[in-house]
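Visitor: Sequence:
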Amino acid sequence: MVKEIADNTTAQAANTASEGIVTRSRLDRLRYTLLFEILLVSSSTAVIAFILQRDFLDIGYLALILSGIAMLTNYFYNYAYDYFDIRKGRIPTERAITQRIYHALGFELILLFFTLPLIMWWLELSLINTLLLDIGMMAAVVVYTFLFGLGYDRAFPIKQPEQLIISEA
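Following numbering that gives the first Met the number 0, the numbering of the sequence shown begins with 0 at its first residue and continues without gaps.
It is worth saying that the hints were derived from the structure and are not from the lab.
Careful, some of the hints might be misleading.
What follows is a list of derived Cβ distance ranges for each label pair [claimed, not checked]:
hint: 1; residue 1: Y82; residue 2: F49; range: 13 to 21 Å
hint: 2; residue 1: R53; residue 2: G88; range: 44 to 52 Å
hint: 3; residue 1: Y101; residue 2: Q52; range: 32 to 40 Å
hint: 4; residue 1: A154; residue 2: V40; range: 31 to 39 Å
hint: 5; residue 1: F112; residue 2: F83; range: 17 to 25 Å
hint: 6; residue 1: R86; residue 2: E123; range: 41 to 49 Å
hint: 7; residue 1: K158; residue 2: F49; range: 28 to 36 Å
hint: 8; residue 1: A154; residue 2: E123; range: 37 to 45 Å
hint: 9; residue 1: L63; residue 2: L146; range: 21 to 29 Å
hint: 10; residue 1: Y74; residue 2: A139; range: 20 to 28 Å
hint: 11; residue 1: Y60; residue 2: G88; range: 24 to 32 Å
The beta-carbon is built from N, C-alpha and C at its ideal position, and this holds for glycine as well.
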């Protein structure tokens, strides 16, 4: 399935801006989001359950719910961020390191807004303890988001029209 989606990435990446920058297709955005969440949930659930001394399934259920929230947020956030890049004349898959850092931090801050109340309720933690837990997770996820986005853009590049090949360093 990944191969099939990869083959369609360039062909279906029909979202173009006024300047001719080609962005990711909806199917490609879905692949990005699913791969991102599957890898994150599978790698973090056991670690969090161990650190908090909580039942693995309890943390796993919370992780799946948070993952659903994150997937929806991720889809719309990346769409909006790509639009912002295009408006500035930048090719989204060729973001500079600083833009990737802003992208990852912005996503985590928005996600914090949506998930903090649920985490407090589910884990029966105070606001301060939930914030401390979330700051630790956010730090780890920002690094993960940065590395995943960089790897994904390199693994699944979007071909641009010839006149756009000159990109920012």
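Visitor: Against each hint, give a clear statement of whether it holds in the structure.
Guide: Hints versus structure:
1. Y82 / F49: 13 to 21 Å: For F49 against Y82, whose Cβ atoms are near 40 Å apart, the range 13 to 21 Å is violated.
2. R53 / G88: 44 to 52 Å: Since R53 and G88 have Cβ atoms about 48 Å apart, the given range 44 to 52 Å holds.
3. Y101 / Q52: 32 to 40 Å: holds (35 Å)
4. A154 / V40: 31 to 39 Å: This hint is violated: roughly 20 Å between Cβ atoms.
5. F112 / F83: 17 to 25 Å: holds (19 Å)
6. R86 / E123: 41 to 49 Å: Given range 41 to 49 Å: holds, Cβ gap about 44 Å.
7. K158 / F49: 28 to 36 Å: Between K158 and F49, where Cβ atoms are some 44 Å apart, the hint is violated.
8. A154 / E123: 37 to 45 Å: Given range 37 to 45 Å: holds, Cβ gap about 40 Å.
9. L63 / L146: 21 to 29 Å: Between L63 and L146, where Cβ atoms are some 23 Å apart, the hint holds.
10. Y74 / A139: 20 to 28 Å: Given about 22 Å between the Cβ atoms, the range holds.
11. Y60 / G88: 24 to 32 Å: violated (44 Å)
When each numbered hint is compared with the structure, violations occur for hints 1, 4, 7, 11.
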